[in-house]
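Peer 1: The chain contents come next:
Number of protein chains: 4
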Amino acid sequence: MAEQYWESAVSRIDDSTVRIRGYDLEELIGGLTFTSAAYLLIRGALPTPNQTKMMDAVLTAVLDYALQKPGTVAARYVMSANPNVAASLASAVLAVGKNTLAPEDTARFAIDSYKRLTESNDDAVVVAARIVAEERAAKRRIPGLGHPVFKNVDPRAEKIKTLARELGFWGPQAEFYELIHTEFRRQSGRDWIPLNDIGVMALVLAEMGFTPDETTGIAIISTLPGVVAHLTEEQNSGRPIRIVAPEDVSYDTIVRDFESDKEVAGW
Amino acid sequence: MAEQYWESAVSRIDDSTVRIRGYDLEELIGGLTFTSAAYLLIRGALPTPNQTKMMDAVLTAVLDYALQKPGTVAARYVMSANPNVAASLASAVLAVGKNTLAPEDTARFAIDSYKRLTESNDDAVVVAARIVAEERAAKRRIPGLGHPVFKNVDPRAEKIKTLARELGFWGPQAEFYELIHTEFRRQSGRDWIPLNDIGVMALVLAEMGFTPDETTGIAIISTLPGVVAHLTEEQNSGRPIRIVAPEDVSYDTIVRDFESDKEVAGW
Amino acid sequence: MAEQYWESAVSRIDDSTVRIRGYDLEELIGGLTFTSAAYLLIRGALPTPNQTKMMDAVLTAVLDYALQKPGTVAARYVMSANPNVAASLASAVLAVGKNTLAPEDTARFAIDSYKRLTESNDDAVVVAARIVAEERAAKRRIPGLGHPVFKNVDPRAEKIKTLARELGFWGPQAEFYELIHTEFRRQSGRDWIPLNDIGVMALVLAEMGFTPDETTGIAIISTLPGVVAHLTEEQNSGRPIRIVAPEDVSYDTIVRDFESDKEVAGW
Amino acid sequence: MAEQYWESAVSRIDDSTVRIRGYDLEELIGGLTFTSAAYLLIRGALPTPNQTKMMDAVLTAVLDYALQKPGTVAARYVMSANPNVAASLASAVLAVGKNTLAPEDTARFAIDSYKRLTESNDDAVVVAARIVAEERAAKRRIPGLGHPVFKNVDPRAEKIKTLARELGFWGPQAEFYELIHTEFRRQSGRDWIPLNDIGVMALVLAEMGFTPDETTGIAIISTLPGVVAHLTEEQNSGRPIRIVAPEDVSYDTIVRDFESDKEVAGW
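Residue numbers (the numbering used here), protein chains in the order written: chain A, 552 to 818; chain B, 552 to 818; chain C, 552 to 818; chain D, 552 to 818.
Derived by calculation from the structure, the hints in this document are not laboratory data.
You may find that some hints are simply not true.
When chains are identical, the list treats them as one kind, so a pair holds in a single copy or across two.
[Said to hold, decoys possible] Think about it this way: if two alpha-carbon atoms lie no more than 25 angstroms apart in a straight line, the pair counts; the simulated BS3-like pairs of lysine-lysine are:
#1 K712 with K702
#2 K604 with K813
#3 K649 with K702
#4 K666 with K690
#5 K604 with K690
#6 K690 with K649
#7 K690 with K813
#8 K712 with K666
#9 K813 with K712
Okay, chain A solo, but in the shape it has when bound (with noise of 0.2 angstroms):
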C-alpha cells in the first residue's frame, strides 16, 4: 500500500459527519466544555472530571496583566493600524516566547532533569545539586524561577500547585524540579527567589503528559480572550494611529549631508 504524504489522527470527515478524535462531532457540541475538548483534542482522550479541573486551573492561571504584557501592547498598536482581529491576535501570540509566557523550557528542562535523576544511581539530593553547579557553570538561568514582582512566593503559583496536590497531578517530575529549586537557592544564596507562574503551569501539564511544545500552545491560548478585550477597547478609544510619544524617545540627532557623504563613499 502506497503511503501518504500526510497523516492524522485529529479529525477527519466522513460524508457530513466530523469525528473529532473518533467522536462525532454533533454529539460534543453542548456535552463538553471547551477545556475538555481542548484536552480531548491535544491528548488524544476524553479528560477526567480531574483533568478538566486542573486544566482549567492551568487555564486560568495568567488571565492577563494589564498593559505590563508586551503582546498585549503589540496587538493595541497592530489594532490602531490596522483593525483587523486576527492580524492582532497574531501579533500577541507571536509575543510569546523566550522572554514571556512560555512553558516550554521548564518542561523541557524538568522532563531532562527528571531524567538524569532516573538514570542514575545517585541520590536526588546529589543530582539536583550536580544539575544546579553545571547550570550556573554555564551561567544559564534555571527556567521557571523568579518574578520580577513575587519575592519567596507567587502567590498564583501556590495556589496551582495546592490544587495539583490535591488533583493528583503534583508527581515525582515536579518534585524533583522543587529540589532543584532548593538546592538552587543554597548555592546561589538568592534565597528569596519564587517558583513563578509559567513555571507551575509548564510541571503540571509536563506531569498530565502534555508535550513542551503543547505547553506553549496551551499557554497561548490561555492569553487571547484577555486580548481580544483590549482589542475592543483599543477599538473604542478613539485613537486611530498609536505612537510613542516623542518626549518618551531619545532620538539620536545628528544631521547628515547626503551628496557629499555619497562622494566620499565612492558614488
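Using the hints provided, position chains B, C and D relative to the given structure of chain A.
Peer 2: Just chains B, C and D, lined up with the frame of chain A:
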C-alpha cells in the same frame, strides 16, 4: 486632571495583586472555568451558568476540520520549516478571514438588518424581502448561509440553535435573520441553502452581546487546540520541510535568455 | 489531460536549475539589482531602466518613521518578549492595513474611478465632481488624501510625482485622480488637504501595472529594512520585557468580590 | 537628565523633515536604490558601490523556490482563506527559521568559531579539527552545509562566493569557515556535502558587519517579492479555500462512542 494616553479596564496590577475586571486573580484560579473566564474578560462581568453553557457550545462548534481547514495546513507548513509553536499558531490565526471561520460579517449583517427593522414601520417580512432584494441586486452574498458539504441543514448549526433556544439566546435579532434566510431561499429559488455553523455562532454571540470583532476573536480561540494537536503530529511526522509534490503542480515551462532579454529591455 | 490542483509560473526547479520567470537564477545573481528582481518576479518580465528607477523611488518613499509607525513599535514589543526576528518582523507586516501604509485602497479607488470615466460620455470634470459628491454623501474618505503633519503639500509625494512625470509613469489614471483631488478640495472647502506619500505610491504602482494587492505587498517590503534596524536597537537596549509605564495608563480601579458576585450570577 | 524609556538612531521626524540615519528622506528618494537604502538603515552608513553590489547579489540568491518553499505554500493557504496580503506575507515570514532560509545559525557559528581561532595559539587547521570533532561528538549539524538537491557544489553559493572574492567580502572569517568545511568532509567521510546558498549568505553578510539576527532579517526581505507574485496567482486561481486532498492523507479511522467513554472517564 491630565488624561493618560492609554486607558484600560481589563485588568490591573496593584503591588502583588492582579485584578481581572476587578476580581483578585488568585480567587479566580480554581474558581472559574476557562470559558467563564473568557466571558468575564471580554464582556466585563461574570457569566450566568446559562451564558457559560451557551459559550461552551459555541466554542466547540468548529473544533477541527482535518486537513480541509486552510489555517491548519498553513500552520503545519510553517512548523515544518520553523519548528516554533508561536509562529505556527499565528499562521493559523491569520487564515481566519473573509472565506473561513470569521463570524464577524454575519454578526454585522444581522445587527444592521435588525436595526433597519426596528427603524422601519413596515412589516418584518417586507423589510426582509427588501434587504434580500438589495443584496441580490448588488450581487453580494448573504453571510452565514451555505456550506460546501451540507445541503438544507448543517447539523452542527441546528444543534447550537436548539441549545440557544433552550437557554434563551435566540432572540428577535436571530429570528429576523431567519426571516431573511427564508426570503433568500424564496427569491433565489435555492431552497436547499442552509444556515451554517459560523453563521449560527455569529447570531448567538451577537445575541449574548459580543461585538462583531469579538465574535471573530472567539472563533479564533476555539480553533487553536486542534491546531496545537496538528503541530504535534507535524513534529512527529519526520518530514523536516514540507513541499507541494511537483506532480500536483502545473508549472509554466518557458525558458528565457537573460542576456538578450536584458538588452531588449534597454540595459 | 488532467488538471493539477496547483498552478504556478513564478519559478520552477529543473534538476539543479532554478528558473525565475524563465531565467536561470544563477545568471540573475550579480546581474540584477534586488529592485529589478522584485519587478521581474511580480510583473513577470524584466523591467526597463526607467521602470527600475521608478520602483526604487517608490521603495524608498517611506523608509522609516521613527517610533511613530505602529508596526515598528509592535515589532519592538514582540522582540522584547520573544527575541526572534521572524516573529517580530511579522508583527510589523501585520500592522500594514486600513489606517497605515497600505496603498491598495487608493489604487482600487483610482482604477475604479478611471474606469467610470472611460465608460462615461461626460466630461472628466463632471465625472470627478460626481464621484466626489457620492463619496461625501456616503461619508467615505477619499483614500490617498491627507496627512497628519503635512498641509497643502507632502514633499515626499511631490518628489515621487516629479520623477514619475519625468520617467513616464504619470498617466491619465493618475491625472484623473488629481482632478478628483481638486474637486474634493473645492467641494469640501478643505483646500489644504494634500496627496500623501502612500497615495502617490498607489498611483505610480497602478500606472506601472501592479494590482492593488501587489501595491500593498511592495509597501510592506519597503518598510522592513527600517524594522530590522529597530530590532537591533531593541536587542541592544538591555530591556528584556517592554511594558507601557503605569503612569501613562488610566486604569479602572473598581474592586469586586468574587464569591458574592458568583452567587448573584446564579452559581 | 532623565533617561527616556526608548532610544533610537534609525530615523527621526523634525517638523516636516524625516531624517533617515541623519539624511533628509526627500533627498534619498530618487538618489538611492532600495538596496543601498536597506544597507544605510541597518548598518547606519551609506554603502560603497561595492557594498551595494554585494548586497544585491545576496538579496537575489534565493528569490523563489516554486512550491517547494514551505513559507510560500503557507502564504497561499492563508490567502485562500483570508484574502489579505499582509496576513499572507506574515505567514511566509513566519516560516523562516531553523529548517529553512535563516542564515543566523551559520552566521553565529562562523563568528564564534573565528573568535575561538583568534583566541587560540594553535594552528587554524588544528582549531578547525577540534571544532568539527566537538560538533560531531555532540551530534550537532554544522549550519550552512548540505543541500537536498545539490551535491559537491551549490552553484548559486559558488556564484556569490566568487563575487564576494572579487568585491573584497571574503575575509579570514569566511576562510576559516571553509577550513571547517574541509575538516568536516574529512572527518565525516561525506565528501560531497557542499556549502549551501543560505550558508554563503551568512558568511558574506557577517563579513559586511551584519549581526546574525540581521542576516535573517535580510533573508526574509529577499524572499518576499516572490511571495507577492504567488499571492497574485492564488487570487487568480479561482479556488476560494485550499485544502489538502483527502487522498493525500492517511486519516485515523477509529470510531468512538462519546456517551459510554464519558461515563468511563468518570463524568
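Peer 1: Regarding K813 and K712, is the shortest C-alpha distance of 25 angstroms or less found within a copy, between copies, in both, or in neither?
Peer 2: between (63 angstroms within a copy, 24 angstroms between copies)
Peer 1: Since the copies are identical, ignore which copy is meant and state whether K604 and K813 lie within 25 angstroms (CA to CA) inside a copy, between copies, both or neither.
Peer 2: between (66 angstroms within a copy, 15 angstroms between copies)
Peer 1: Indicate which option fits the pair K690, K813 if close means a Cα-Cα distance not exceeding 25 angstroms: within, between, both or neither.
Peer 2: This pair counts as neither: shortest intra-copy Cα distance 45 angstroms, inter-copy 47 angstroms.
Peer 1: Within, between, both or neither: how does the pair K690, K649 come out at a Cα-Cα threshold of 25 angstroms?
Peer 2: For K690 and K649, both the intra-copy (16 angstroms) and inter-copy (24 angstroms) Cα distances are at most 25 angstroms.
Peer 1: Should K604 paired with K690 be assigned to within, between, both, or neither, using CA atoms and 25 angstroms as the limit?
Peer 2: neither (38 angstroms within a copy, 41 angstroms between copies)
Peer 1: My question is about K712 and K702: at a cut-off of 25 angstroms on alpha-carbon distance, are they close within one copy, between copies, both, or neither?
Peer 2: For K712 and K702, the Cα distance is within 25 angstroms only inside one copy (17 angstroms; across copies 50 angstroms).
Peer 1: When no copy is specified for K649 and K702, does a C-alpha distance of 25 angstroms or less occur within a copy, between copies, both, or neither?
Peer 2: within (21 angstroms within a copy, 36 angstroms between copies)
Peer 1: As a check of your reading, is K666 near K690 (CA-CA no more than 25 angstroms) within one copy, between copies, both or neither?
Peer 2: Both: 22 angstroms inside a copy, 19 angstroms across copies.
Peer 1: Should K712 paired with K666 be assigned to within, between, both, or neither, using CA atoms and 25 angstroms as the limit?
Peer 2: within (22 angstroms within a copy, 45 angstroms between copies)
Checked against the numbered hints above, the structure breaks hints 5 and 7 and satisfies the rest.
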